[in-house]
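*Asks:* If you're matching them up, the sequences are chains H and C in order. First residue of the first sequence? That's 216 in the numbering used here, and the numbers climb one at a time after it. First residue of the second sequence? That's 41 in the numbering used here, and the numbers climb one at a time after it.
For the record, the hints were derived by calculation from the structure and aren't laboratory data. Note that CB positions come from ideal geometry on N, CA and C, so glycine has one too. Some clues are possibly wrong.
In silico DSS-like pairs for lysine-lysine, Cα to Cα no more than 25 Å straight-line [claimed, not checked]:
| # | chain 1 | residue 1 | chain 2 | residue 2 |
| --- | --- | --- | --- | --- |
| 1 | C | K54 | H | K253 |
| 2 | C | K410 | H | K349 |
| 3 | C | K64 | H | K374 |
| 4 | C | K647 | C | K657 |
| 5 | C | K80 | H | K253 |
| 6 | C | K616 | C | K54 |
Covered, in the sense of this in silico footprint (three residues per stretch, anywhere, with C-beta under 8 Å from a C-beta of chain C), are these stretches of chain H [what the hints assert, rightly or not]:
| # | stretch |
| --- | --- |
| 7 | 262–276 |
| 8 | 283–289 |
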Amino acid sequence: MTKFEKSSLLLMLKVNGEEMQALLEGPHVTLADVLRNKLGLTGTKEACRCGECGSCTVLVDGTPMLSCSVLAVAVRGKEITTIEGLAKGGELHPIQQAFIDSGAIQCGFCSPGMILMAKALLEENPDPTELEIKEHIGGNLCRCTGYIKIIEAIQLAAKRMGKGAA
Amino acid sequence: MSATYSWKSEDARKEEEAYRYVGKSVPYKDARSKATGAAKYSVDIQRPGAYLGKVLECPHTHARVRSIDVSEARKLPGVAAVITADDVPDVKYNPAGLEYAARNAKAAAEDSVNDMTAVPRKSHYKGEAVALVAARDEETALKALELIKVDYEVLPFTLDTASAMREGAPLVHEEAGSNLSMIFDSFPGNRGDADAAFAQADFTVEGDLLSSRQHTMALEPLSCTAEFDSEGNLTVWVAHQRPFILRRMVAGLAGLPEAKVNVVCEHAGGFFGEANYVIVPFAVFLAKEANKPVRIEFSREELTRHVPCREIYQMHGKLGFTAEGRLIAATEDMVVDSGAYFNRSCNTLTPAMGSFSGQYALPVFRGVGKIVYTNTPGTSGIRGYGPPAGMALLSHLMDLGAEKLGMDRVEFRIQNYRFNSANASLEKKGPDEHEGSTPATMGLGLETQESVMRVAAKQFGWAEKSRRPRADGKWRYGIGVCDYTDVSGPQPHEMNDRQCVMTLEEDGSVTVSVNYADGGQNLLGAGAQIAAEASGLHYEDFRFLHAQTTGTLYDIGLGGNSGNFGMGNLLAVAGKMLKEEILKKAASFMDAESDGLDIKDGVIFSKADPQNTMPVKKLAYDSIVVQQGASEHISVTARYSAFYSPMAVGVVMADVRIDTETGDIFVDKLQICHDCGIAINPMGVAGQLQGGGVMGYGYALFEDLSLGEDGSVRGGNYNTYKLASALDIPDFDVIVYENPCPYGPYGAKGVGQSGTVGISGAIAGAIYDATGVWMETMPFTPEKLLAAMRTRTMKE
Chain H
216 MTKFEKSSLL LMLKVNGEEM QALLEGPHVT LADVLRNKLG LTGTKEACRC
266 GECGSCTVLV DGTPMLSCSV LAVAVRGKEI TTIEGLAKGG ELHPIQQAFI
316 DSGAIQCGFC SPGMILMAKA LLEENPDPTE LEIKEHIGGN LCRCTGYIKI
366 IEAIQLAAKR MGKGAA
Chain C
41 MSATYSWKSE DARKEEEAYR YVGKSVPYKD ARSKATGAAK YSVDIQRPGA
91 YLGKVLECPH THARVRSIDV SEARKLPGVA AVITADDVPD VKYNPAGLEY
141 AARNAKAAAE DSVNDMTAVP RKSHYKGEAV ALVAARDEET ALKALELIKV
191 DYEVLPFTLD TASAMREGAP LVHEEAGSNL SMIFDSFPGN RGDADAAFAQ
241 ADFTVEGDLL SSRQHTMALE PLSCTAEFDS EGNLTVWVAH QRPFILRRMV
291 AGLAGLPEAK VNVVCEHAGG FFGEANYVIV PFAVFLAKEA NKPVRIEFSR
341 EELTRHVPCR EIYQMHGKLG FTAEGRLIAA TEDMVVDSGA YFNRSCNTLT
391 PAMGSFSGQY ALPVFRGVGK IVYTNTPGTS GIRGYGPPAG MALLSHLMDL
441 GAEKLGMDRV EFRIQNYRFN SANASLEKKG PDEHEGSTPA TMGLGLETQE
491 SVMRVAAKQF GWAEKSRRPR ADGKWRYGIG VCDYTDVSGP QPHEMNDRQC
541 VMTLEEDGSV TVSVNYADGG QNLLGAGAQI AAEASGLHYE DFRFLHAQTT
591 GTLYDIGLGG NSGNFGMGNL LAVAGKMLKE EILKKAASFM DAESDGLDIK
641 DGVIFSKADP QNTMPVKKLA YDSIVVQQGA SEHISVTARY SAFYSPMAVG
691 VVMADVRIDT ETGDIFVDKL QICHDCGIAI NPMGVAGQLQ GGGVMGYGYA
741 LFEDLSLGED GSVRGGNYNT YKLASALDIP DFDVIVYENP CPYGPYGAKG
791 VGQSGTVGIS GAIAGAIYDA TGVWMETMPF TPEKLLAAMR TRTMKE
């Protein structure tokens with residue numbers, strides 16, 4: 216077993232617009248671990264812990280990252296957005312609303328990652344094709360829905376957000 | 041592009057016109073909490089002061105623990121408990137047997153084998169737990185595991201059913217005396233003399249199929265937290281489908297009265313088959329010993345080792361026909377690889393044989409299953425629960441029958457339906473009047489089979505595609521059809537009984553206390569639609585207290601399409617009862633007879649004098665707060681016991697393209713047409729069929745938990761176990777077929793698992809149509825197809 220010196224460190228993170236601090240056992244602690252177990256933000260899910268399923272996706276300065284495969288110390292000073300940070304003042308983000316309206320959420324375990332992936336996609340490409348959507352969420356696994364309603368939800372969100380901007 | 045279509049019979053149209061909530065695609069009841077990350081799953085439970093549990097896995101495939109020394113581990117600071125077989129009751133049990141015993145002690149004794157212990161004295165498969173620790177953190181727990189010294193007697197092992205049944209094979213369970221744990225020949229649908237019937241047949245067809253190790257691979261990792269309070273009450277947080285069965289198991293193991301155990305699950309990150317019994321005893325015994333809350337979470341790799349995969353069947357099927365192609369006899373011989381434990385082997389065989397024997401008019405059937413232990417991880421029932429592989433084999437045999445006679449595969453099937461337009465007895469019959477009626481082959485619900493098939497064929501363009509050339513350069517094209525039947529709740533149907541308490545609150549909303557673990561099926565939403573329809577209140581009025589056994593009434597749990605049918609029927613009964621109670625109370629306030637009153641959109645009105653109204657909200661408030669004398673919280677306790685389990689029927693069609701140079705199989709179109717009775721929530725029905733269909737697609741083409749030469753799971757994470765991604769799914773059309781079922785809640789039948797059942801058969805049939813190759817082992821991969829095509833070419 217690997218031996219390592221106990222070297223607790225206090226980490227400051229900016230999560231969902233708030234400065235937060237967490238006491239880590241060492242520099243090896245992942246971002247997912249900090250979010251879920253130190254900050255109580257359990258909306259971020261972990262299903263594989265090896266970067267294969269996409270459940271733990273969060274946005275770091277707007278870019279989707281697998282929080283199970285990112286060290287918390289590596290994102291110091293960056294803006295982290297988790298699923299808890301999407302709704303503003305009780306008002307759901309249009310993507311969240313589209314997922315609900317389309318029946319894209321069954322067990323819901325993949326939903327936080329899927330919704331954040333969709334947000335990153337639509338910010339970059341407001342009117343994606345079906346194939347572009349599939350390629351973008353191709354690394355996020357879902358066992359319940361067969362993806363069809365998730366794709367429909369992202370299309371619906373694109374349509375609604377496009378209208379809002381126009 | 042995948043599309044969803046709706047087909048409704050005249051009856052369905054008429055009935056749905058009158059409904060305000062049933063038949064509407066309303067958002068799912070708990071979707072908001074899941075979309076915002078607020079929903080709490082078992083894996084999110086963080087109890088203050090909880091210790092972490094870890095498992096010491098045996099490094100051998102089959103080995104007896106000669107001695108185990110845990111003294112050093114116990115001394116390690118930060119370790120609160122170390123447990124071996126010596127520290128748990130020496131009781132053998134079977135979680136599936138407990139389900140049977142819940143209703144039928146005789147069946148439990150005959151059809152179940154008790155062979156599990158909380159912590160075994162030997163490893164029956166590679167990696168089985170031989171000791172447990174609870175420590176304050178992961179580092180300490182892992183250190184403690186290293187300090188445990190085990191002396192193993194390494195035993196020879198057996199990994200497949202053929203070698204396990206050989207004379208002198210290593211015994212997986214010595215006390216059983218044989219690896220053949222049961223010969224199941226008492227399927228209640230066995231009828232007539234098959235050998236005599238085959239002798240009378242003008243022709244017969246035969247075939248084989250070996251199913252694969254499909255794993256549930258639900259996204260939420262399996263975890264359990266157990267905590268005793270100062271009064272000795274135990275709370276267990278774990279994903280579950282059958283809470284009261286689990287409560288009984290835990291109470292039995294821990295030596296507690298049932299009511300001192302509370303099993304909690306608000307949301308589960310997918311079920312697809314009960315799995316928690318492999319982790320719950322660990323957390324409970326560690327929490328008891330440590331006197332602290334203990335949380336265990338399996339890694340994905342641990343999970344695939346310890347959580348059973350789908351039932352594994354080696355099947356041989358034979359059908360006998362008349363010269364005109366009428367089916368007169370069938371046999372299904374199955375060898376079941378149960379893995380290290382018996383578990384649900386018998387439970388899944390009954391529906392497997394039920395589907396095989398109940399699909400067509402069939403006077404003679406014999407099904408026999410040999411259940412065999414091997415030193416491999418366990419098996420269980422997962423989504424589809426028995427039938428999926430058998431339906432693929434049956435479908436292939438029907439294709440062979442049609443091929444012999446040069447008949448169209450669709451028409452050949454239709455002529456063998458119990459009810460078809462050529463058959464004068466098409467009128468709706470009660471269950472007892474059906475030919476060959478037995479609990480497992482009950483023909484209820486099969487009247488729509490021909491219609492479903494014709495709707496499916498028309499939408500798919502079956503006739504046009506049948507005329508298409510089969511070859512074009514390196515490409516081969518083929519289409520396939522698999523019709524299937526599926527239950528609406530388990531059979532025996534007594535396994536689907538439910539109860540709830542429905543209470544009108546002083547604000548006019550309704551609290552329903554009903555045990556239900558949410559795994560994403562939206563049963564609470566569909567239930568609220570049904571209850572709103574039955575009571576005259578609003579969908580939004582219904583709130584559910586569903587997550588724990590304490591405070592809810594005994595419920596058999598979920599499985600085998602039972603949820604919407606059983607719970608839906610329950611909530612229809614409860615909604616109606618609540619309405620009656622409200623109207624009785626209203627009669628005194630409104631100066632009217634209760635039978636002269638009705639409720640619409642939350643307002644009570646007099647049928648004779650529509651101006652005489654009273655909002656339910658006011659009645660509720662006045663009954664509790666305002667009225668003179670004792671407050672009255674209007675509340676009803678409702679019960680529902682399913683006497684029937686009508687068959688849900690469906691047809692899957694597939695259009696495939698094969699690259700003869702590589703063996704690659706492209707599914708250009710997949711279509712499912714499913715008769716769900718009435719769709720309570722059409723969006724939900726389509727979602728279940730899409731999800732189940734894609735799970736079936738993976739089962740057909742690539743999902744298989746690979747085992748090494750020592751029986752160990754290779755990898756076991758999503759990087760080695762392929763799950764369909766958004767890029768892998770085919771164009772998949774869904775036809776929600778509606779025709780009201782007289783026994784369902786507002787005409788609904790089962791749907792949740794049905795999407796999985798017919799996919800393999802349709803894809804395999806299309807591959808056979810394209811290439812003439814029937815692959816005898818699942819999944820149907822390019823490698824196997826290429827090898828089989830080359831063998832054929834060489835023969836030719």
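*Asks:* Now, for every hint given, state plainly whether the structure supports it.
*Replies:* Consistency of the hints with the structure:
Under the criterion of a C-alpha separation no larger than 25 Å, the hint pairing C/K54 with H/K253 is inconsistent with the structure, at around 56 Å. Between C/K410 and H/K349, the direct Cα distance comes to roughly 44 Å. Violation of the 25 Å bound is thereby established for this hinted pair. For the hint pairing C/K64 with H/K374, the CA-to-CA distance comes to about 23 Å; that is within 25 Å, so the pair holds. Straight-line distance between C-alpha atoms of C/K647 and C/K657 comes to about 19 Å, which keeps the hinted pair within the 25 Å bound.
Under the criterion of a C-alpha separation no larger than 25 Å, the hint pairing C/K80 with H/K253 is consistent with the structure, at around 16 Å. About 21 Å separates the Cα atoms of C/K616 and C/K54, which keeps this hinted pair within 25 Å; it holds. Counting residues of the stretch 262–276 of chain H whose CB lies closer than 8 Å to any CB of chain C gives 7, which reaches the minimum of 3, so the coverage claim holds. For a cut-off of 8 Å, the count of residues in the stretch 283–289 of chain H with a CB near a CB of chain C stands at 0, and the three-residue condition is violated.
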